[in-house]
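These are the residues of each chain, in order.
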Amino acid sequence: MKLGLAILCAVLIIAWTGPTLSGYAFDEIHLQLQNTPPGAKFWLGSDDLGRDLFTRICYGARISLFVGVAAAAIDLVIGTLWGGVAGYFGGRIDALLMGIADILFSLPYLLIVILFLVYLGPGMGSLLISLSLIGWIPMARIVRGQVMQLKNQEFVYAAIAYGATPQRILLGHILPNALGPILVTLTLTIPSAIFAEALLSFVGLGIPPPSASWGTLISEGIWAMSYYPWRLIFPALFLIATVFAFNRIAEALRHAVT
Amino acid sequence: MPLLEVKKLSIHLNDRPIVKQVNFELARGECVGLVGESGCGKSLTAQALIYPFGKVQGEILLEGVDLLKQPEAKMQQLRRQSLGMIYQEPLTALNPLLTIGRQLIEGGRATAEQALAFLKKVGIPEPERRFKQYPHELSGGQRQRVLLAMALVTKPKLLIADEPTTALDVSLQVEICQLLKDFQREGLTILFISHDLGVVKQLCQRVMVMQAGQIVETAPTEQLFKAPSHPYTQQLLQWTNFTTTEPTENTEGMHVVRL
Amino acid sequence: MLIVEELIKDYGSHRAVDQISFKVTPGEIVGIAGESGSGKSTLGRMLLNLLPHTSGKIFFEGVEWTHLPPAEKRSFRRKMQMVFQDPYSSLNPRFTIEQTLEEPLALHDMQETPAEWLEQVALPTSFLKHYPHELSGGQRQRVAIARALCTKPQLLVCDEALSALDKFTQYHILKLFEAIHSRYHPAILFISHDLGALEQLTERLLVMKKGQIIEEGATARLLKSPEHPYTQQLVAAHHFFAR
Chain S
1 MKLGLAILCA VLIIAWTGPT LSGYAFDEIH LQLQNTPPGA KFWLGSDDLG
51 RDLFTRICYG ARISLFVGVA AAAIDLVIGT LWGGVAGYFG GRIDALLMGI
101 ADILFSLPYL LIVILFLVYL GPGMGSLLIS LSLIGWIPMA RIVRGQVMQL
151 KNQEFVYAAI AYGATPQRIL LGHILPNALG PILVTLTLTI PSAIFAEALL
201 SFVGLGIPPP SASWGTLISE GIWAMSYYPW RLIFPALFLI ATVFAFNRIA
251 EALRHAVT
Chain F
1 MPLLEVKKLS IHLNDRPIVK QVNFELARGE CVGLVGESGC GKSLTAQALI
51 YPFGKVQGEI LLEGVDLLKQ PEAKMQQLRR QSLGMIYQEP LTALNPLLTI
101 GRQLIEGGRA TAEQALAFLK KVGIPEPERR FKQYPHELSG GQRQRVLLAM
151 ALVTKPKLLI ADEPTTALDV SLQVEICQLL KDFQREGLTI LFISHDLGVV
201 KQLCQRVMVM QAGQIVETAP TEQLFKAPSH PYTQQLLQWT NFTTTEPTEN
251 TEGMHVVRL
Chain D
1 MLIVEELIKD YGSHRAVDQI SFKVTPGEIV GIAGESGSGK STLGRMLLNL
51 LPHTSGKIFF EGVEWTHLPP AEKRSFRRKM QMVFQDPYSS LNPRFTIEQT
101 LEEPLALHDM QETPAEWLEQ VALPTSFLKH YPHELSGGQR QRVAIARALC
151 TKPQLLVCDE ALSALDKFTQ YHILKLFEAI HSRYHPAILF ISHDLGALEQ
201 LTERLLVMKK GQIIEEGATA RLLKSPEHPY TQQLVAAHHF FAR
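Chains as they are written, first to last, in my numbering: chain S, 1 to 258; chain F, 1 to 259; chain D, 1 to 243.
If you're looking for bench data, these hints aren't it; they were derived computationally from the structure. Each hint should be verified, as a subset may be incorrect.
Pairs of lysine to aspartate or glutamate, DMTMM-like flavour, derived with a Cα cap of 25 Å [stated by the list, open to error]:
| id | chain 1 | residue 1 | chain 2 | residue 2 |
| --- | --- | --- | --- | --- |
| 1 | F | Lys-201 | F | Glu-186 |
| 2 | D | Lys-129 | D | Glu-116 |
| 3 | D | Lys-210 | D | Asp-10 |
| 4 | F | Lys-201 | D | Glu-98 |
| 5 | S | Lys-151 | D | Glu-227 |
| 6 | F | Lys-120 | F | Glu-186 |
| 7 | D | Lys-129 | D | Glu-72 |
| 8 | D | Lys-23 | D | Glu-6 |
| 9 | D | Lys-210 | F | Glu-25 |
| 10 | D | Lys-73 | D | Glu-134 |
| 11 | S | Lys-41 | S | Glu-220 |
| 12 | D | Lys-210 | D | Glu-72 |
| 13 | D | Lys-224 | F | Glu-175 |
| 14 | S | Lys-151 | F | Glu-89 |
| 15 | D | Lys-129 | D | Glu-5 |
| 16 | D | Lys-79 | D | Glu-227 |
| 17 | D | Lys-210 | F | Glu-137 |
| 18 | S | Lys-151 | D | Glu-102 |
| 19 | S | Lys-151 | D | Glu-6 |
| 20 | F | Lys-8 | F | Glu-30 |
| 21 | F | Lys-181 | D | Glu-134 |
| 22 | D | Lys-210 | F | Asp-169 |
| 23 | S | Lys-151 | D | Glu-98 |
| 24 | F | Lys-20 | D | Glu-160 |
| 25 | D | Lys-210 | F | Glu-186 |
| 26 | D | Lys-210 | D | Glu-160 |
| 27 | S | Lys-151 | D | Glu-5 |
| 28 | S | Lys-151 | D | Asp-86 |
| 29 | F | Lys-7 | F | Glu-30 |
| 30 | F | Lys-69 | F | Glu-25 |
| 31 | D | Lys-210 | F | Glu-63 |
| 32 | S | Lys-151 | D | Asp-10 |
| 33 | F | Lys-55 | D | Glu-134 |
| 34 | D | Lys-79 | D | Glu-35 |
| 35 | D | Lys-224 | F | Glu-186 |
| 36 | D | Lys-224 | F | Glu-89 |
Quantities reported herein were computed from a predicted structural model and do not represent experimental measurements.
Please model the complete structure; the sequences and the hints are all you need to start from.
Rendered as structure tokens:
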């Protein structure tokens, strides 16, 4: 847990203070200094337009983390409500809601995302929408399971007995008691969203240039891999470290909660 | 020589003393009851005989051998051969994925024939059929009988029973009690932990009363119930006598409430 | 006050409650005896409409309230409450004692405060800020009783409210029920497999077996000279351990 938090904090600090320290803008072009290896001028090297890699990674961190957290937050809200209602009411409502979820889950994800993005055009908004298309489903399933377990607890019956409304019971009694697994799932959704965004950017469907997320940087780095390896290594390293950190935190939370 | 001697047994949980300097003996073939309120330490004491939990000090001498000082390998042998334990909740004590038969003969404790014979002995009808069944296919009372069979199939010298009848209906309690009496007649020594004085009165020859980690009174059953000497025992007896003739108008149900 | 007619509960092909009919008058203490599997807990929950019944009618003060829309149902729910068996799951683990008691009080605009109800069940008001896991089983059960009393119900259904407690705590909680009855006079429907507790508390007794009422009558008479062989069996087993 501590390792995870430490890495995450380090990444965040670097992401926020980095550009100020380096003095470059993320899209500052230096055509005479293309593809410089890491050194005094460019701490982690420069890319084929002479832009400072370090600064671009820092901005990339902001984008990737923001997308990751935002997508996870959307998944949380949709998934919790969907799974909560399905689990609490059971029967036909449950069958209907989870049936829809199952169908959505079985569709070819990338294909649908491509169609969406082609239709909506690139940008942060469309990216978030596409990431949230099916990201909420695992959360919904977990929440549904928890709710089904909890709704037979006697304190729920007691609340029904003194006349609490189903909304109150679901939101005030049941969901707070399901927080443990919800939290763990959340901390796993974030890295998976970051990774998904990296994937989409990698294939060119993500944030348009000159902004760059880690995925875009990695994608650019792959082309230059043989001659200018730093352009691949550093963005990839940051991505791996951050996803690793989140996974460690999720593990620790799972141990703490169960 | 007594079968079991417990000397100055103290058990701490999270640095808090739960069992404090407990001493008692069990003679061969006796059935002794250990009673007290929830939280007094009786289960912890019983558990220490089989698998100590928490920080344990003192001596537990089974036929002269100190159980607390034995290496784990020796303890496993002792547990298999000389000790048996049954608990309150039969459902969680049985592995739901194994048939009854498998669990009885597990680890080579008994052969299939011995296991079958024992199932019959504890009064399970159609033992051959039950042998192949899973725990959830049996009723609560039957499960408790199976647990009894599992504990006794290796013919241990001492059976530790931790509230085995508490979760059962009264008619089942009667049957389990009678079963235990039968086994006792064959030479089994029983330590019976319970908060139900009615069951203890029927089953045990001697009763030990535990309060807040200490044994405050030990006496033969009849004497304890007729003429208890310790004030706590007297209070306990008063509290279990539901059919009291006292009028109840002004009873506030006030009891010293401890956190 | 409470009239139950031909109540049936089916789980698929298994009939848990089989054509039960009985009445409870205001202020009466009625016991329901039976072993596990007799359907008594299912019956208790159906009376409070915590479980839907398959067929039959439940009348409270002359109204068949279980079929009313939620808003009207709520005013009936206020009049009957339940004390459950398991003190470990009948209180929301994330609510403080104060929050647990506040909800029913606020929902029905009651004047009393949580502190007042804690006093009624002989618990110190310092418990208000504590969580259920910090209390013992007996203390939790007292809180559950306080919660049930918050709406000042006319009917209190106790579903094996003593069974999860040790015998000594059972005595105190039983005495608490007696005190509550003499103070507030609710009708009490006491469901239990413990004939001793039923003998102490109830005036009238219904004996259930496999979903049916096989005998009913005044408690003292029933326990002294039971007529049905099953009742005789239960009483005999009870006396085996009696003091």
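Margin query: Hints numbered earlier in the text: which of these fail when held up against the supplied structure?
Written below: Going through the list in order, the structure violates hints 4, 5, 7, 9, 10, 12, 15, 16, 19, 21, 24, 25, 27, 31, 34, 35 and 36 and respects the others.
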